[in-house]
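Order-wise, the sequence lines are chains A and B.
Per this note's numbering, the first sequence runs over residues 1 to 117.
Per this note's numbering, the second sequence runs over residues 118 to 223.
In case anyone wonders, no lab produced these hints; they're calculated from the structure.
Note that CB positions come from ideal geometry on N, CA and C, so glycine has one too.
Treat each hint with caution, since some may be false.
A few chain B residues that face chain A, going by a derived Cβ cut-off under 10 Å, partial list only [as the list claims (entries may be wrong)]: (1) H150; (2) L152; (3) Q154; (4) G216.
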Amino acid sequence: KAGVTQTPRYLIKTRGQQVTLSCSPISGHRSVSWYQQTPGQGLQFLFEYFSETQRNKGNFPGRFSGRQFSNSRSEMNVSTLELGDSALYLCASSPSGGPWGPGNTIYFGEGSWLTVV
Amino acid sequence: KNEVEQSPQNLTAQEGEFITINCSYSVGISALHWLQQHPGGGIVSLFMLSSGKKKHGRLIATINIQEKHSSLHITASHPRDSAVYICAVTGNQFYFGTGTSLTVIP
Numbered sequence: 001k002a003g004v005t006q007t008p009r010y011l012i013k014t015r016g017q018q019v020t021l022s023c024s025p026i027s028g029h030r031s032v033s034w035y036q037q038t039p040g041q042g043l044q045f046l047f048e049y050f051s052e053t054q055r056n057k058g059n060f061p062g063r064f065s066g067r068q069f070s071n072s073r074s075e076m077n078v079s080t081l082e083l084g085d086s087a088l089y090l091c092a093s094s095p096s097g098g099p100w101g102p103g104n105t106i107y108f109g110e111g112s113w114l115t116v117v
Numbered sequence: 118k119n120e121v122e123q124s125p126q127n128l129t130a131q132e133g134e135f136i137t138i139n140c141s142y143s144v145g146i147s148a149l150h151w152l153q154q155h156p157g158g159g160i161v162s163l164f165m166l167s168s169g170k171k172k173h174g175r176l177i178a179t180i181n182i183q184e185k186h187s188s189l190h191i192t193a194s195h196p197r198d199s200a201v202y203i204c205a206v207t208g209n210q211f212y213f214g215t216g217t218s219l220t221v222i223p
């Protein structure tokens with residue numbers, strides 16, 4: 001069974017540009033969640049999608065957005081990139097319900113390393 | 118203000134030693150998770166706890182809901198246990214600790 005796949009793994013963007021990251025969950029998983037990890041702030045929750053609907057959202061500006069498709073694949077987009085957006089962006093999937101709820105196991109992808117210059 | 122505090126931040130141990138990593142939280146939670154992150158980024162979920170104690174191989178996780186505290190123990194540590202261990206809690210929001218970097222020396 002394939003794991004959570006994130007693309008691209010590494011990318012460099014210029015300040016002001018936008019970026020789209022992709023996440024393919026484990027087959028049959030309907031919940032996809034996104035996280036940002038930086039050395040200064042650690043791991044932070046961005047948002048979670050379930051059956052194409054955003055169900056939970058962290059405390060990030062509107063420049064960060066996402067969506068989920070009918071096949072559960074998800075994308076996140078960051079517009080007007082800032083230097084501080086340089087981070088590892090992690091995607092995770094879980095079978096159903098909330099990604100962190102009791103009884104659910106969450107599976108992470110390897111992440112997308114974004115550098116903004 | 119950090120809703121989740123981990124200690125220690127860094128830990129170096131000799132192979133075979135017993136290791137304890139602590140996590141304290143200040144918010145109401147429905148569950149607490151221990152995560153392991155190896156160099157390169159990938160994260161593995163080790164445990165999900167809402168009460169009591171869980172054991173998986175050489176790893177043991179405990180939680181005390183009244184004291185808002187959890188511990189992750191590694192018995193007979195091995196160099197392959199070297200990683201960052203992150204405590205995360207879920208309640209009405211998601212909160213993560215800053216992680217404990219563990220290095221096990223052969």
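Hints not upheld, ascending by number: none
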